[in-house]
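A.B. asks: Those sequence lines, one after another, are chains A and B. Note that our numbering has the first sequence beginning at -17, numbered continuously upward. Note that our numbering has the second sequence beginning at 292, numbered continuously upward.
Hints may contain errors.
[Unchecked claim] Heads up, simulated EDC-like pairs for lysine to aspartate or glutamate below, C-alpha to C-alpha not over 16 Å straight-line:
| hint | chain 1 | residue 1 | chain 2 | residue 2 |
| --- | --- | --- | --- | --- |
| 1 | A | Lys42 | A | Glu67 |
| 2 | B | Lys393 | A | Glu67 |
| 3 | A | Lys123 | B | Asp474 |
| 4 | A | Lys110 | A | Glu99 |
| 5 | A | Lys3 | A | Asp191 |
| 6 | A | Lys123 | A | Asp112 |
[Stated by the list, open to error] Facing chain A, a subset of chain B residues (Cβ under 8 Å, in silico):
| hint | residue |
| --- | --- |
| 7 | Leu346 |
| 8 | Ile347 |
| 9 | Gly395 |
| 10 | Glu400 |
| 11 | Leu401 |
If you are wondering where the hints come from, they were derived from the structure by calculation, not from laboratory data. Quick reminder that beta carbons are idealized off the backbone N, C-alpha and C, glycines included.
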Amino acid sequence: MPALSLRQLSKTYGNGVHALKGIDLDVESGDFFALLGPNGAGKTTAIGIISSLVTKTSGKVFVFGRDIDVELEAAKACLGVVPQEINFNQFEKVSTILLNQAGFYGIRRRIARARVERWLRELALWDKRDAVSRTLSGGMKRRLMIARALIHEPRLLILDEPSAGVDIEIRRSMWEFLRRLNADGTTIILTTHYLEEAETLCRNIAIIDEGRIIEHGRMSNVLRKLQTEIFVLNTRETLDDTPQLPGYAVRLTDDHTLEVEVSKEQNLNDIFAALTYRGIEVLSMRNKSNRLEELFMRLVEGRDAAETPASAAAAE
Amino acid sequence: MTTGAGTAVNARREGEGEHRWVGFSTIVIREFSRIIRIWGQTIVPPAITATLYFLIFGSLIGPRIGDMGGYSYMQYIAPGLIMMSVITNSYGNVVSSFFGAKFGRHIEELLVSPLPNWLIVLGYVAGGLMRGLLVGIVVTLVALLFTRLHVEHWFAVVGAVILTALVFSLGGFVNAIFAKNFDQVTFIPTFILTPLTYLGGVFYSITMLPDWAQKLSQANPILYMVNAFRYGFLGHSDVSVSFAFTVMLAATIALFVLCVWLLDRGTGIRD
């Protein structure tokens, strides 16, 4: 049974903005799923509808098979949401926020206290349990919202840009934590602007733009649709001219750096062979940009429109 | 005889009932903690205001006014002043707590939870009731420093104070739902509630007014609340006590239904 199913989900706001235009989406139980899109694409609206903070205009939402129009309370009990913006009472203590949230889910105090300790320790906030929440740093506030979303141990966790504004160290530890959580059976849906984060963590992906799903499928299949990649090569030798590599577009960016565009029919061995033949030694190599970022930009800007049908589900 | 399926359904309902009770009591505890945490804003000001009223209107001006309805002016205004503080504080508690939660967005903690909307309304209203009663008790204690209070009808005193606190807690909830900024939170208490309270027979008997003003006063719901409460203390009322209780009960039910309906629609809280 899918953890989440959206059927022809639409939302038109009172000001006439058509935020969602009939999207269909399935997220399987146990998945680690990325929902990507530019600002204003409809991601937060979709999450708002799923968590019943936004009223849908039409369509259906099922959480573990429970229709939110029919079994709203049961659907909500399965769901934990980490919103994009801080939405806890900044005058309350960290532990009070979690205890209250547990209470709203019908968890008795004795059990709730044990869970508060567990999640605060897991998220390295135990030392801050008696701190007033507004005194926490930005990264701590994000982790507090994750702890709060987990206090009722939901089967589906939705995180709306959880790593926005947090430093790289905290982001990496957050990734580790989410990986463990997913391995323990929690289905996770993630929206993020850090496409490296999505590529590193998620198995499946949907890209939403202007209220429509423009790409949907396994991460590996979606990335395969990237027609070309640009590699940056650092050379030992100082280069005066751009070396000619037959069949490849090459650009000299400085006297030790080359950018080579490689299509998916080509391979890297030929490049190394050609450079070695010319006596050029490659010290290191990297992608010019994150592969998913590359694809994302092309899709959103419509450059790869011809290559990608509206849904890749059929390609699965 | 209960079937296996029936037992499962009953067990699920019991579990649901327990979850709801825990959820409701969590809101109530949170509201009570808030009232106590900010006692300087919730408990102290009404005590000071009541002291000033009793000092100026009761002790200084009262003796010059003489008896009213067969009681000293101080005894006459005491129930009205207690009721005035109950009205102001039950309304103020819910409007500030719910609007604060809306403004700070932590109302979303409740909206994403499986608690039904009627229970969320009940939780906030219970908070308003608690503060109304707490402040009512404090003002009664202040009143006892100035005059002797004799209770004629306990049922009327308790019934009137609870129903009034409920009505104004629910009123505060409606105000908070529609309010888009802090100006709109203070508009109703300043421009509607205060004039209605002062003109609702707190300081005078409406029998002192000309006919047209008496008839106009009868359209003021606060008149019925103050008089039902005063009846409990003095055994004297300007209006029919049974009609007063009917008005309060009807207003409580109507406002509760309205609050739940507004929350179900998402008015003021959902796009």
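A.B. asks: Now tell me if each hint is right for this structure.
C.D. replies: Okay, the hints, checked on the actual structure:
A C-alpha spacing of about 26 Å is found between Lys42 (chain A) and Glu67 (chain A), which places the hinted pair above 16 Å, so the restraint is violated. With a C-alpha separation of about 14 Å, the suggested pairing of Lys393 (chain B) with Glu67 (chain A) holds against the 16 Å cut-off. The hinted pair formed by Lys123 (chain A) and Asp474 (chain B) fails the criterion: a straight-line CA distance of about 30 Å is larger than 16 Å. For the proposed pair Lys110 (chain A) and Glu99 (chain A), the alpha carbon gap of about 11 Å is at most 16 Å, so the pair holds.
Taking the CA atoms of Lys3 (chain A) and Asp191 (chain A), the gap is near 10 Å; set against the 16 Å cutoff, the hint holds. Distance check on the hinted pair: Lys123 (chain A) and Asp112 (chain A) sit about 14 Å apart at the alpha-carbon level, within 16 Å; holds. Below 8 Å, beta-carbon pairs count as interface contacts, and Leu346 (chain B) has none with chain A, the closest being about 35 Å; its hint is therefore violated. Violation of the interface hint for Ile347 (chain B) is found here, the shortest Cβ-Cβ separation to chain A being roughly 36 Å, above the 8 Å cut-off.
With 8 Å as the threshold, the beta carbon of Gly395 (chain B) comes within range of chain A, its nearest partner Cβ sitting at about 6 Å, so the hint holds. Contact between Glu400 (chain B) and chain A, as hinted, is supported at the beta carbon level, the nearest pair being about 6 Å apart and thus within 8 Å. At a threshold of 8 Å, the smallest CB-CB gap from Leu401 (chain B) to chain A is about 6 Å, leaving the interface hint in force.
Of the numbered hints stated above, those contradicted by the structure are hints 1, 3, 7 and 8, listed in ascending order.
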